[in-house]
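Student: So you can see what is in the structure, the chains are spelled out below.
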Amino acid sequence: MKDFEYFPASSLQEACSLISQYKEVGKILAGGQSLITLLRQKLISPTCLIDIKGLKELDYIEFDKKNGLRIGALTTHRAIEKSPVIQDKYNVLSEMEKSVASVQTRNWGTIGGNLCSADPIGDPAPSLIALGAKLKLVSAKGERVVALEDFFTDYFTTIIEPDEILAEIQIPPPAPNTGVEYMKFSTIEAGIKIVSTSVSITLEPGSDTCKDAKIVMSAVAPIPLNTKKAAGLLKGKKLTDNLIEEAAQMASTETDPTSDVHASAEYRKELVKVLVKRATKQAFEKAKKA
Amino acid sequence: MEGSKKMIKVKVNGKLYELLIKPKITLLQLLRNELGLTGTKQACMDNSCGACTVIVDKMAIKSCSVLAMQVNGKEVTSVEGLASEDGKLTPLQEAFLEFSAFQCGFCTPGKLMSSTAMLEEMPDPTEEDVRRDMEGNLCRCTGYKQYLAAIMHVVQKRKEGSK
Numbered sequence: 021m022k023d024f025e026y027f028p029a030s031s032l033q034e035a036c037s038l039i040s041q042y043k044e045v046g047k048i049l050a051g052g053q054s055l056i057t058l059l060r061q062k063l064i065s066p067t068c069l070i071d072i073k074g075l076k077e078l079d080y081i082e083f084d085k086k087n088g089l090r091i092g093a094l095t096t097h098r099a100i101e102k103s104p105v106i107q108d109k110y111n112v113l114s115e116m117e118k119s120v121a122s123v124q125t126r127n128w129g130t131i132g133g134n135l136c137s138a139d140p141i142g143d144p145a146p147s148l149i150a151l152g153a154k155l156k157l158v159s160a161k162g163e164r165v166v167a168l169e170d171f172f173t174d175y176f177t178t179i180i181e182p183d184e185i186l187a188e189i190q191i192p193p194p195a196p197n198t199g200v201e202y203m204k205f206s207t208i209e210a211g212i213k214i215v216s217t218s219v220s221i222t223l224e225p226g227s228d229t230c231k232d233a234k235i236v237m238s239a240v241a242p243i244p245l246n247t248k249k250a251a252g253l254l255k256g257k258k259l260t261d262n263l264i265e266e267a268a269q270m271a272s273t274e275t276d277p278t279s280d281v282h283a284s285a286e287y288r289k290e291l292v293k294v295l296v297k298r299a300t301k302q303a304f305e306k307a308k309k310a
Numbered sequence: 180m181e182g183s184k185k186m187i188k189v190k191v192n193g194k195l196y197e198l199l200i201k202p203k204i205t206l207l208q209l210l211r212n213e214l215g216l217t218g219t220k221q222a223c224m225d226n227s228c229g230a231c232t233v234i235v236d237k238m239a240i241k242s243c244s245v246l247a248m249q250v251n252g253k254e255v256t257s258v259e260g261l262a263s264e265d266g267k268l269t270p271l272q273e274a275f276l277e278f279s280a281f282q283c284g285f286c287t288p289g290k291l292m293s294s295t296a297m298l299e300e301m302p303d304p305t306e307e308d309v310r311r312d313m314e315g316n317l318c319r320c321t322g323y324k325q326y327l328a329a330i331m332h333v334v335q336k337r338k339e340g341s342k
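Read top to bottom, the protein sequences are chains A and B.
The opening residue of the first sequence carries number 21 in this note's numbering; numbering runs sequentially from there.
The opening residue of the second sequence carries number 180 in this note's numbering; numbering runs sequentially from there.
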């Protein structure tokens, strides 16, 4: 690992001012569960790290019926997994978090760090996109709110400006008549996900007609993939096994996976068909009961 | 930039240290190289295997992937800090011995730290809970059954003791 200067920020304001000063050479350090490995492998070599992990002001989970859920960017994966309000109102998030890396990584790693590292195999992004999450980005100049689905641009790349810090994840109140399901495929429980998908289905009240749908996947494209054509097939139609099958086939054609040691691209495309079909059916069942 | 050394204060196994170190030093390097606590093992170095697991403020974490700077002001327990000063082992350590819950032993310190933190957090885990919680600790000799039995033995004894 190359040497770097280290600045622990004592407030978000101080962190913003430090990163605006060092934006050319610096990186923000949260839990470091991705960053430290990247530094060690010399894939990146910033000459200064601004440590925000200790900022209590960005470590919170708050819910109210009107505005929904707000998660501070420095909330750990473990805190999200264990949060009673998330288990109750956004169960898909706590279920998804259970399979993020290992307990040790979830204890120290933060949701904000995970999103900003923009690894396309990351689990949280697809579930959060399916839930309609937005991000609050702050800098010394002000703040802006962006949709998470517009956040990622390429492998490990986002629209975040070098002087911006992700402060908060905002999730709208649970939509009525909606079911959300997370499913993954990995060869071993704690292993790298070969494919994972999060599907959200909203039904017209009291019917099997799909009002809204989102099908989002990880590990099948350079970014968390929102397969809009597949979701479009479902919208406005009565959900049947045949239609769901058709959407799953479509989702597979929208993916652009790569081959690696874990699975070939062809295999991933096949898995997408199976997982999307299963997850959509589950989300549909959940929506009927919602 | 040269990575100017910074002062940190950290309590390790009950003892307070003040150290002037480079920011790039990981907690793992701090324990092994600066403090000579080599019970914590260095293996994959990419946050995968769990051999370097220690407890920071009651949570199991992987010390290869945390900068020493980030534990400034915190309390760290490594495997050397489990047994009491007179050498009395913890129930988990006893059970690991009794069940031979190791082959080469390289993953054992990490497994002890993870299971110690887990039993602090969950008083009465099921076997499924234990399997799930311990999934971040790999054993390349594949001695998984023995340590699962050892942990469940401690859970069972604790239950009997509390009756």
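Misleading hints may appear alongside valid ones.
As the list claims (entries may be wrong) - In silico SDA-like links for lysine to any residue, alpha-carbon gap of 20 Å or less:
#1 A:Lys22 - B:Gly182
#2 A:Lys22 - B:Ile200
#3 A:Lys76 - B:Lys203
#4 B:Lys201 - B:Asn212
#5 B:Lys184 - B:Asp225
#6 A:Lys118 - B:Thr217
#7 A:Lys22 - B:Asp225
#8 B:Lys184 - A:Ser65
#9 B:Lys253 - A:Lys62
#10 A:Lys109 - A:Lys154
#11 A:Lys249 - A:Asn262
#12 A:Lys118 - B:Glu300
#13 A:Lys102 - B:Asp236
#14 A:Lys156 - A:Ile179
#15 A:Lys308 - A:Pro196
#16 B:Lys201 - A:Asp183
#17 B:Lys185 - A:Ser30
#18 B:Lys201 - A:Pro66
#19 A:Lys213 - A:Phe176
#20 A:Lys22 - B:Pro304
#21 B:Lys184 - A:Val294
#22 A:Lys102 - B:Lys188
#23 A:Lys154 - A:Thr198
#24 A:Lys76 - B:Leu198
#25 B:Lys188 - A:Gly74
#26 A:Lys156 - A:Ile180
#27 B:Lys253 - A:Ala99
#28 B:Lys194 - B:Met238
#29 A:Lys62 - B:Asp303
#30 B:Lys237 - B:Cys223
#31 B:Lys336 - B:Glu273
#32 A:Lys62 - B:Gln208
#33 A:Lys161 - A:Leu58
#34 A:Lys102 - B:Met297
#35 B:Lys253 - A:Ser31
#36 A:Lys248 - A:Val294
#37 B:Lys201 - A:Ser65
The hints are simulated quantities; they were obtained by calculation from the structure and are not laboratory data.
Student: To test your reading of the hints: which numbers does this structure violate?
Tutor: Structure breaks hints 3, 5, 6, 9, 16, 20, 21, 22, 24, 29, 30 and 33.
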